[in-house]
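There are 2 protein chains.
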Amino acid sequence: MIPTKTYAALDPKKPLTAFTIQRRKPGKNDVHIKILFCGICHTDIHQARNEWGHSIFPMVPGHEIVGQVVAAGASVKKFKKGDYVGVGCMVDSCGTCKDCKDHVEQFCNTVSYTYNSQDPKTKEVTYGGYADSIVVNQKFVLRVSKTAKLAAVAPLLCAGITTYSPLKKWKVQPGQKVGVVGLGGLGHMAVKIAKAMKAHVVVFTTSNNKSADAKRLGAKEVIISNNANEMAKHALSFDFILDTVAASHDIDQYLNLLKRDGTMCLVGVPNAPHPAVNPGNLVLKRRQLVGSLIGGIKETQEMLDFCAKHKIVSDIETIPINYINTAYERMLKSDVKYRFVIDMQTI
Amino acid sequence: MIPTKTYAALDPKKPLTAFTIQRRKPGKNDVHIKILFCGICHTDIHQARNEWGHSIFPMVPGHEIVGQVVAAGASVKKFKKGDYVGVGCMVDSCGTCKDCKDHVEQFCNTVSYTYNSQDPKTKEVTYGGYADSIVVNQKFVLRVSKTAKLAAVAPLLCAGITTYSPLKKWKVQPGQKVGVVGLGGLGHMAVKIAKAMKAHVVVFTTSNNKSADAKRLGAKEVIISNNANEMAKHALSFDFILDTVAASHDIDQYLNLLKRDGTMCLVGVPNAPHPAVNPGNLVLKRRQLVGSLIGGIKETQEMLDFCAKHKIVSDIETIPINYINTAYERMLKSDVKYRFVIDMQTI
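Here the protein sequences come in this chain order: S and L. Under my numbering, the first residue of the first sequence is numbered -10, with each subsequent residue one higher. Under my numbering, the first residue of the second sequence is numbered -10, with each subsequent residue one higher.
In short, the hints are calculated from the structure, not lab data. Do not take every clue at face value.
Copies of one chain are not kept apart here, so a pair can be met inside one copy or by any two copies together.
[To be verified] Below, in silico cross-link-like pairs of lysine-lysine (DSSO-like), each with a Cα-Cα straight-line distance of 27 Å or less: (1) 135 - 298; (2) 67 - 17; (3) 157 - 128; (4) -6 - 128; (5) 274 - 160; (6) 222 - 87; (7) 90 - 158; (8) 287 - 67.
From a predicted model like this one, the values you see are computed outputs, not experimental measurements.
Put together the whole structure using the sequences plus the hints.
Here's what the structure looks like:
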């Protein structure tokens, strides 16, 4: 076993704290990775505080990992010592079911998430990226381009793929009018990626003071979503709307803005459901309300390559690991532009 | 003008009654059609009773029309005297907008429905198929094969296309498991059409006594939808579910039965919305909740040809026109298998 320094939640009520875990000794298909940076996703807070009710403690959160290969197992062909690599939300899956064969491992019934997953047989629990190293099967390791902004690549592993995947799945085309609801960790990535896909990007926000920033990130227009007159002007004009807001809110006001055959995609699961949707808004213009969950490993690599080509990274604030609990509090107040990333040298 | 015998609603509160209207003299692009049969759609009741609040009286309902050409205008090439033809929910549209160019005239902003539509300029109102004849622009006239069951073809013009169109749009494939919610006028057509598309058809119904009939119509399985255990057995197994029920009901119980990437399509617009959908049911399996509205003219012809090829007609009860008010009352009690069709010889 490999003793590994981490920051862990030992209890849902207590702040995260320094904690040592044991990683498995790398097998022939494993890659041992020195973690350089790890992004902080809102999911980390939900899980560390057991807000979804299935947390296992102690827990080491973190699934936006960028690092460097320390050692590669005998059967690992794709990676060698010194390579820059990434690990996202998943570290294993069955590999044989239809979901795995279709390269959408996130839907596999026995997918292992990067943290807080328990092997039904061995009872072994996964520990995430708030750690100095990680051991991952090569199938779930991604290639990352060496860049001066390596820290800012980390959030692509979750926020990037979560927004890239639906834009691809529902075939967003150059020139299409694409709305992004919410300008946070996910939303700001959606703006950058949709812009790189040559869409006409429009940001919906309730905060007037996010306008300038939305445009800096690549939005052509910003709509204040609680201004009904402004919303009405855009009726029937959107090809696709990506809704990144995980709190309960009115969906109909966005459905009405879609063209005939337009699609609105949810990527967040709020604790309370959104108010009931008017079926007429779907039927009378043949619209689609859909959902999307992160993305498969093959598509995550495609996204990383796309982002490297288009020089897309996340807007981040780099923090030392001992700032983690303060970072959580600031995230709850949306006080971050747009993602915290832990510099793992500080562990 | 052409004096035309009809049955009309003169007032939302009164029974329909014999009434004479004037049809326009056929122009060079018009087809003058002697109506042989007209199906009764639930929409007819809503409109005749002004339940949607935009009825124009006197009103002649009816948009499931089958008849024979009496005369064709000078520019009409596709039809000649004696041809069997059909007219569905629409009789005109702008012809120049994107919807019209995309052959989905039902979404055109200035579409003229077969009845209860008013021309914004001329103020002329359209009168439907409870009549001995109708005059329709050739673009909105469909070819119908001569068959002994001509009366049973009439419901294809609305119930047929409303169910055929979403099955095609979301690409139902042979062998796929397709659910049909509700076994009424629309539902029974959906079963026949999906079966002809070689799908494995499953009917959801709340009435145990519809089981045998559902199987006779082509369903391989019948699920009693208020039996939670029976529903649970089919979790994650459907490729597509077509929901034909226009009353408010729980959508989540059906979403849960869809596979990853499965689609549920609504074709009814209830007066009260369905209860709020759990966004997790969309996100966690990348499912789609969509709506569909009748179908375009080109697709309606395709549907009629498909049904002729597969010998699909509606299950009907033929009635004389003076039975119309009784028929309405029976429809409100779902006491019809599965569509009333008026024999227009009786007018």
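Output the numbers, in ascending order, of every earlier hint that fails for this structure.
No numbers; nothing is violated.
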